[in-house]
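*Asks:* Sequence:
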Amino acid sequence: METPSAAVTSAGGVERNKPHFVLLSSPGTGHLIPILELGKRLVTHHDAAVTIFVVSSHSSQAETELTTDAAGPGGGELFNVVKIPPPDDLSAAIDPAATMVTRLFLVMREVRPTIRSGLISLPVRPAGLIVDLFGTESFEIAAELGMAKYLLSTSNAWFTALAIHSPVLDGEVEGEYVDQKEPLEIPGCRSIRPDEVVDPMLDRKNRQYLEYIRTGLEFRKADGILINTWEDLEPTTLSALRNDELFGRRVIEGDVLAIGPLVRPVEPNHSTQTINEPLFSWLDKQPNASVVYVCFGSGGTLSIEQQTELAWGLELSKQRFIWVVRQPTAESRYSAFFTSGNSGTDDGGATAELGLGSITGHSYGLPDGFLERTRHVGFVVPDWAPQAEILGHVAVGGFLCHGGWNSALESVRSGVPMMVWPLYAEQRLNATLLAEELRLAARTETAPWRGVVGREEVEGMVGEVMTGEKGEGIRERVKVAQRSGEMAVERGSGSSYTALDMVVSKFRRGTA
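For any residue, its number in this note's numbering is found by taking its place in the sequence shown, counting from 1, and adding 778.
Each hint should be verified, as a subset may be incorrect.
[Said to hold, decoys possible] Below 27 Å or equal to it, Euclidean Cα-Cα: the simulated DSSO-like pairs (lysine-lysine) are: (1) Lys-1248 to Lys-1284; (2) Lys-818 to Lys-1096; (3) Lys-959 to Lys-983; (4) Lys-1257 to Lys-1096; (5) Lys-983 to Lys-999; (6) Lys-1096 to Lys-1248; (7) Lys-1063 to Lys-1096; (8) Lys-1284 to Lys-818; (9) Lys-1063 to Lys-861; (10) Lys-1284 to Lys-999; (11) Lys-999 to Lys-818.
[Unchecked claim] Quick list of simulated restraints, FRET-style, between CB atoms: (12) Ala-871 to Glu-1264: 17 to 27 Å; (13) Glu-1264 to Ser-1059: 42 to 52 Å; (14) Thr-1014 to Val-1230: 34 to 44 Å; (15) Glu-1247 to Ala-871: 34 to 44 Å.
Everything labelled a hint here was simulated from the structure, so no lab data went into it. What you are looking at is a predicted structure, and each value in this text was computed from that prediction instead of being measured. Virtual Cβ for every residue (Gly too), placed ideally from N, Cα, C.
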């Protein structure tokens, strides 16, 4: 196979002496962040050329910040970001009640003609196409154009193993997975409790389940599977994926490579500090490791009852906190994913004036008087906050989060213990990995998907992690993981550096 190579410069020119990769991101910051960080790594550490195609379903502040940063200093001079608009109208092709997963698969399916045209229009045919899990149908385009095809699994190795093994489970398991009495077995890996399966496996009659099984089959066809983890974090699962008697070449056509952690660096950002000056000014006044950061990702929402109980729990814990709060919903745990901005209306009650906007206690489902009572120990932020910068601040000592993999890696990168509160996608799986396997997090006794977590339980968990013996043990293990992650990506010697360099070297040598 002829090895095409090109270096796309910020001016749009082409150098023909570097392997050129196109990275394709589906909508959502959870997919965009690792794609952008992989692009930076390929350019700065491995002397490759990169073009990034970003498919967007809506205009969110978080996505705008990320793509703007990529187009500015440190980003635009490294690679081009090409934004692909979403399909004009999906209403005829999708049920209004369709899940987030189904919507994402459909969006990526409908934009394939645009992706194909974009690839063809590049000055030099790229060496490889790297997609996230929602973009695997574009493997056909890569094959048609003579490009290598790679999957970037933006989650962990355990999630990846489940996805690859899911077609086997589909044939072996009768009835719904959640009704099974015994754990689901994955060859060579930790078994999965039935109610911890990923969202698409919750209902086998739902369209998203069919899409998920198809994707599991397509994972296997990749020329390489790049996983956002590292060797020391998940050695047993990675070994199983490479073992020919369990997975390996018997199931997976390409190499399985751990290339993480792909996580945003915490760098001085004058614009972020200026826009959020009240927030960081408040943080600067707090003692080291004394603040709990509470955020449920870019799309997570809570019910009104749960939001109220969480507020009471934070107040009763008497711990300092920053809470990125969204309007509660009666619809779904990820209703914010396909909406943007602060849709709150002022219906009276206390108002907290903040650097990122203002909120009213009533409209956000907060208890009467909560904002006044906690004004000296808490900072409530509406809708969005610069998470990486907050976690990197020395005052932050705990992170109450949904367990999304990007958030988990950012917490580990900053050495911050976690409290995981899974809401959707693969977060139940992640919560078990983080709390039970890796022991980098605490979790509630009440599973959030089964019922409302009461204020006393929130109070106890937060207090234990911030000031208790259990929290100290978690903190020590997070520090060890932090260092091993740093070593994995060290240029020239790290295991993740070496794995990614193997990919680029194939094209540089012309052996792909």
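*Asks:* Each of the hints needs a verdict: does it hold here or not?
*Replies:* Structure-based check of all given hints:
| no. | hint | result |
| --- | --- | --- |
| 1 | Lys-1248 to Lys-1284 | violated, 46 Å |
| 2 | Lys-818 to Lys-1096 | violated, 41 Å |
| 3 | Lys-959 to Lys-983 | holds, 20 Å |
| 4 | Lys-1257 to Lys-1096 | holds, 25 Å |
| 5 | Lys-983 to Lys-999 | holds, 25 Å |
| 6 | Lys-1096 to Lys-1248 | holds, 18 Å |
| 7 | Lys-1063 to Lys-1096 | holds, 17 Å |
| 8 | Lys-1284 to Lys-818 | holds, 19 Å |
| 9 | Lys-1063 to Lys-861 | violated, 40 Å |
| 10 | Lys-1284 to Lys-999 | holds, 18 Å |
| 11 | Lys-999 to Lys-818 | holds, 26 Å |
| 12 | Ala-871 to Glu-1264: 17 to 27 Å | violated, 45 Å |
| 13 | Glu-1264 to Ser-1059: 42 to 52 Å | violated, 29 Å |
| 14 | Thr-1014 to Val-1230: 34 to 44 Å | holds, 35 Å |
| 15 | Glu-1247 to Ala-871: 34 to 44 Å | violated, 54 Å |
The earlier numbered hints that this structure contradicts are 1, 2, 9, 12, 13, 15.
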